[in-house]
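Student: Here is what each chain is made of, one letter per residue.
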Amino acid sequence: MNEYISNPDEAKEYWSRYRLFYGVIIFTFIIFLLRLWFLQIVSGTELREFSEKNRIKQNKILAPRGLMLDREGKVLVENLPGFEAVISPQYIESIEELSKSLSPILNMEPDKIVSRIQKSKKQNGPFAQIRLKENLSRDEVFRLKRIRLDTPGLEIRESILRAYPLKENGAQLFGYVGEISKRQIPRLNELYKGQWKFEQGDIIGKSGLEEAIESDIRGVDGISFTQVDAHGRETVTQTPNVYGEQIQDQEPTHGNNAVLTIDRDIQVAADVAMRKLERIGALVAMKSNGEILAWLNTPSFDPNEFAAGPPSPQVWSKLINDPFKPFRNKVIQDFTAPGSTFKPLMAVAALQEKVITPTTIIAAPGMMMFGRRPYHDSIRGGHGNITVYEAIERSSNIFFYKMGIALGIDKMFNYISPFGIGQKSGVELNREVAGTMPSADWKKQAIGEEWQPGENLSTAIGQGFVTATPLQMAIAYNTIATEGKVVKPFVVRKIIDQDGKILREQFPQVVRDLTEEQKTGIKVSPSTFKVVKEAMRRVANGDRGTARFWQIPGVQMAGKTGTAQVMGFSADQIYAKCESRPMHLRHHGWYIAWAPADNPEITVAVLAEHSCHGNTGAAPIVRDVIQAYFQKYHPEVIAEALKKKAVKTSEAAVTTEGE
Amino acid sequence: MEMTGFHVEERTIFKRLDLNFILVILALNIIGLINLYSATHGPSSRDVAPLFLNQIVWLLAGWCIFFIVTLIDYAIVAKMALAIYVLNFSAIIYTTFFGKVALGAQRWIDFGFFRYQPSETMKLALIMLLAKILSTRSSFGRGMGFRELFIPLLILLVPFVFIVEQPDLGTAMMLASIGGSMILFSKVRKSILLSAVVIGMISVWGAWNFVLRDYQKNRVLTFISPENDPLRTGYNSIQSKIAVGSGKFFGKGFRKGTQSQLEFLPERHTDFIYSVLSEEHGFVGSITTAGLFCLLFVIIIRIAMNARDKFGALLCVGVLSYVFWHMFVNISMVIGLLPIVGVPLPLLSYGGSSMLTTMAGLGLISSVAFRRYLF
Numbered sequence: 003m004n005e006y007i008s009n010p011d012e013a014k015e016y017w018s019r020y021r022l023f024y025g026v027i028i029f030t031f032i033i034f035l036l037r038l039w040f041l042q043i044v045s046g047t048e049l050r051e052f053s054e055k056n057r058i059k060q061n062k063i064l065a066p067r068g069l070m071l072d073r074e075g076k077v078l079v080e081n082l083p084g085f086e087a088v089i090s091p092q093y094i095e096s097i098e099e100l101s102k103s104l105s106p107i108l109n110m111e112p113d114k115i116v117s118r119i120q121k122s123k124k125q126n127g128p129f130a131q132i133r134l135k136e137n138l139s140r141d142e143v144f145r146l147k148r149i150r151l152d153t154p155g156l157e158i159r160e161s162i163l164r165a166y167p168l169k170e171n172g173a174q175l176f177g178y179v180g181e182i183s184k185r186q187i188p189r190l191n192e193l194y195k196g197q198w199k200f201e202q203g204d205i206i207g208k209s210g211l212e213e214a215i216e217s218d219i220r221g222v223d224g225i226s227f228t229q230v231d232a233h234g235r236e237t238v239t240q241t242p243n244v245y246g247e248q249i250q251d252q253e254p255t256h257g258n259n260a261v262l263t264i265d266r267d268i269q270v271a272a273d274v275a276m277r278k279l280e281r282i283g284a285l286v287a288m289k290s291n292g293e294i295l296a297w298l299n300t301p302s303f304d305p306n307e308f309a310a311g312p313p314s315p316q317v318w319s320k321l322i323n324d325p326f327k328p329f330r331n332k333v334i335q336d337f338t339a340p341g342s343t344f345k346p347l348m349a350v351a352a353l354q355e356k357v358i359t360p361t362t363i364i365a366a367p368g369m370m371m372f373g374r375r376p377y378h379d380s381i382r383g384g385h386g387n388i389t390v391y392e393a394i395e396r397s398s399n400i401f402f403y404k405m406g407i408a409l410g411i412d413k414m415f416n417y418i419s420p421f422g423i424g425q426k427s428g429v430e431l432n433r434e435v436a437g438t439m440p441s442a443d444w445k446k447q448a449i450g451e452e453w454q455p456g457e458n459l460s461t462a463i464g465q466g467f468v469t470a471t472p473l474q475m476a477i478a479y480n481t482i483a484t485e486g487k488v489v490k491p492f493v494v495r496k497i498i499d500q501d502g503k504i505l506r507e508q509f510p511q512v513v514r515d516l517t518e519e520q521k522t523g524i525k526v527s528p529s530t531f532k533v534v535k536e537a538m539r540r541v542a543n544g545d546r547g548t549a550r551f552w553q554i555p556g557v558q559m560a561g562k563t564g565t566a567q568v569m570g571f572s573a574d575q576i577y578a579k580c581e582s583r584p585m586h587l588r589h590h591g592w593y594i595a596w597a598p599a600d601n602p603e604i605t606v607a608v609l610a611e612h613s614c615h616g617n618t619g620a621a622p623i624v625r626d627v628i629q630a631y632f633q634k635y636h637p638e639v640i641a642e643a644l645k646k647k648a649v650k651t652s653e654a655a656v657t658t659e660g661e
Numbered sequence: 005m006e007m008t009g010f011h012v013e014e015r016t017i018f019k020r021l022d023l024n025f026i027l028v029i030l031a032l033n034i035i036g037l038i039n040l041y042s043a044t045h046g047p048s049s050r051d052v053a054p055l056f057l058n059q060i061v062w063l064l065a066g067w068c069i070f071f072i073v074t075l076i077d078y079a080i081v082a083k084m085a086l087a088i089y090v091l092n093f094s095a096i097i098y099t100t101f102f103g104k105v106a107l108g109a110q111r112w113i114d115f116g117f118f119r120y121q122p123s124e125t126m127k128l129a130l131i132m133l134l135a136k137i138l139s140t141r142s143s144f145g146r147g148m149g150f151r152e153l154f155i156p157l158l159i160l161l162v163p164f165v166f167i168v169e170q171p172d173l174g175t176a177m178m179l180a181s182i183g184g185s186m187i188l189f190s191k192v193r194k195s196i197l198l199s200a201v202v203i204g205m206i207s208v209w210g211a212w213n214f215v216l217r218d219y220q221k222n223r224v225l226t227f228i229s230p231e232n233d234p235l236r237t238g239y240n241s242i243q244s245k246i247a248v249g250s251g252k253f254f255g256k257g258f259r260k261g262t263q264s265q266l267e268f269l270p271e272r273h274t275d276f277i278y279s280v281l282s283e284e285h286g287f288v289g290s291i292t293t294a295g296l297f298c299l300l301f302v303i304i305i306r307i308a309m310n311a312r313d314k315f316g317a318l319l320c321v322g323v324l325s326y327v328f329w330h331m332f333v334n335i336s337m338v339i340g341l342l343p344i345v346g347v348p349l350p351l352l353s354y355g356g357s358s359m360l361t362t363m364a365g366l367g368l369i370s371s372v373a374f375r376r377y378l379f
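Chains as they are written, first to last, in my numbering: chain A, 3 to 661; chain B, 5 to 379.
Derived by calculation from the structure, the hints in this document are not laboratory data. The model shown is predicted, which means the values in this text are computed figures rather than measured ones. Even glycine gets a Cβ: it sits at the ideal position worked out from N, Cα and C. Heads up, some of the hints might be wrong.
Stated by the list, open to error - Among chain B residues calculated to face chain A with C-beta under 7 angstroms, some are:
#1 N33
#2 K252
#3 Q263
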């Protein structure tokens, strides 16, 4: 210790060295001061906003979509309340534990939950919420609520389920809803620019009307604000200033309702009729002014299964792999040869072009030669010498081959395309196809070949290049029925808000009147239509009419059957039984008819695919639909006819007894 | 002291104590406690609430140590320095092989009631031994050469290597900074300094490629651009900056910091205690606290200047470096000037090891101050 006393000033040796320390301390203080100034004063407001964003979680409150109602206000598509389990990946603490505790409740494999979360995280980032399961049962909700607090990242949300009370019936018309895919977001944002802004997790219409009138029936989503901690848990109100500042939620706005032209009763009757015969195909029923009354396709799918998230892989693959395409809106997407249903249109052209008069008699033997090829009639022996009336009533091929030869393709085109064949009808639904009404020019452009004279014959009986959709055929027949009025078919009658105020309305519209001069230079006189109408009345009512077995008491129908060949057969097979072939090779049956025959109100087209015949395949369904229509709107007509018939039979019984 | 012939006045204990020094420490303690209460009493942080009481216990224990060390003549410390160093170093070797693993590193010896982290007290042991050795070197002339530097560097580098191996890069860097500051203070030859800089740069390159573990590299990378990966390594840095900045001028108020109360801030009662302070008390609170630290440093320098011998002065310089580097690195990382390294803020962060070590170190300074008068 003595050395310290002996040298009391030894520590002064360092005095000069402390200057550096002062320097460092002052420097540090200035650095901190500047940095804190920058963070807290310069960027303070911005960073305060960040901290608010941290603690205030914005939850989308999905707005209910508008309902779809039928023409009488009956519900076709509605909303039901439900619950869904939602995962916010950024709050998950242990993905394995989360999936393990969720797996028994949701009845999902833990691995699947993990992979779904990881996939979404990779694709959409950690902030995008994942709907793990929608439409939870009460039991599931209860059990999830119990584990919620110990499972950060899990949320149970109220949801709105889209419900389709008609189930499979009309599924392609009404469509279905689902979560927007990442690919669709930019596309839809472009399409609805300035009107809607789509985000991850939004529910949108995926097909049918749900998709086509999205902007009409879509609601405006609301936002709820909740304070959450770093684990995503909502925090309780304790200290007023931090926790109490309740920001007002933005309430969602219900989407507007769509009142359709559909008649739910007719729609149901159509479905029953189609199912009764287990038919694959399409049906459309239209009022003569273009209002669609019923629209369905079979086989179908249940859109309710899609409302609660994507269906199970089994259901999905079954639907996707079904050879008869349940998702296809066949009414506007299946274009096929109209077959004999094309003949009335040919008759209009032939009569108007004066190739024949109503009384011209044409020989229709069983077979004729054109060039070096034989052409056969619909029955082996032929139809004999017939006028246009018999030709349509009995569906003679030879008669119309001759019309085809006489008219040539360009005249056929000029007359028949104005009926709407080969053109989109403009109905509201997406993905409508145009079909084909060929012409010489068309063939040159599309195929690059000259028109062959033989092709006039196949076209004349609705085979060859000509194709049409059921809706196009309904419009074309409706044009004959109304003597020239080509209507624009439509499904959406009006859009009304929740108070019933009309926002948009659609009225029947005549696109063309064929009794006036058309662009193709033709004009059809009412008398021509009258002849064809009478011939078509005989199809349904005449002694040898191809559809005579399916009548409605008191109501006369007029129409035409047809068969579309799925594939050509060699001559020896022409009369072979269609039913003996495998299903997918059988012919399609057509029947399109309107009623009443003289004063049309309703036109129905049925394409019964692979049903072999138009009469047995399609006519009974058309009859049932038209009958349902008259039973609903003119029950007295049918009742009176039945009474008369009863009186007649009882009179007959009395006479028999008296003998 | 038994000297005669001068005017001798018997000084009381209170007059010998540096009261300014003690007051500044107390002020920081109080700020620390207020802040820690807020950090441990969030709406859903029941699990950390008892830590506040623990900290009060540590603080009281810390003051006891402070006064005990104050009353011990630090000349005794000089005598014991080597023994303390060797003992502490053995403890480090023990942890390397038998220590508790925490966060992937072996750092603790569990005493049941207390988890002892020898690398923390190693800092003090190093300060004492270095002070003893360096006090025998002269700071006049060109400074220390290789021969004089050999032993100081050796006692610095050996524990350094072991702590890096644990791996606890933060503590190791602290150790190096403290020892380095003391050695530099004692003057080193310019040529050696220059070559040290060159070697340092080469070794940084070497460390990056061969020594640093991935998580350590990530911390540095995240620091350079934290926004790249906001939810993993960059999360802490971003949330801390948000917390500090969102405090604005006056802060959000006591227990009203949403970043800390709602747990967006990680490690808010330990490494990120300063962000809690900045968020709730704003620019005013954070700059006051930084200012108090600077005031404390100035007082320590004054005590060092008035020390009665070189060993005392070097002790002060060592403890000053200890507090300074911790405070500098901690605040810098919290306000986004340095990458995230697990370094606590002395006197404010929760933690027994840190609190006891700091208070013991400050006790050494107090002891130097206590004996600043010859008589």
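Student: With a cut-off of 7 angstroms, does the beta carbon of K252(B) approach a beta carbon of chain A closely enough for the hint to hold?
Tutor: This interface hint holds because 4 angstroms falls under the 7 angstroms limit.
Student: Q263(B) was flagged as interface toward chain A. Is the shortest Cβ-Cβ separation under 7 angstroms?
Tutor: holds (5 angstroms)
Student: Does the nearest C-beta of chain A fall within a distance shorter than 7 angstroms of the C-beta of N33(B)?
Tutor: At 20 angstroms from the nearest chain A Cβ, N33(B) fails the 7 angstroms test, so the hint is violated.
The earlier numbered hint that this structure contradicts is number 1, and it is the only one.
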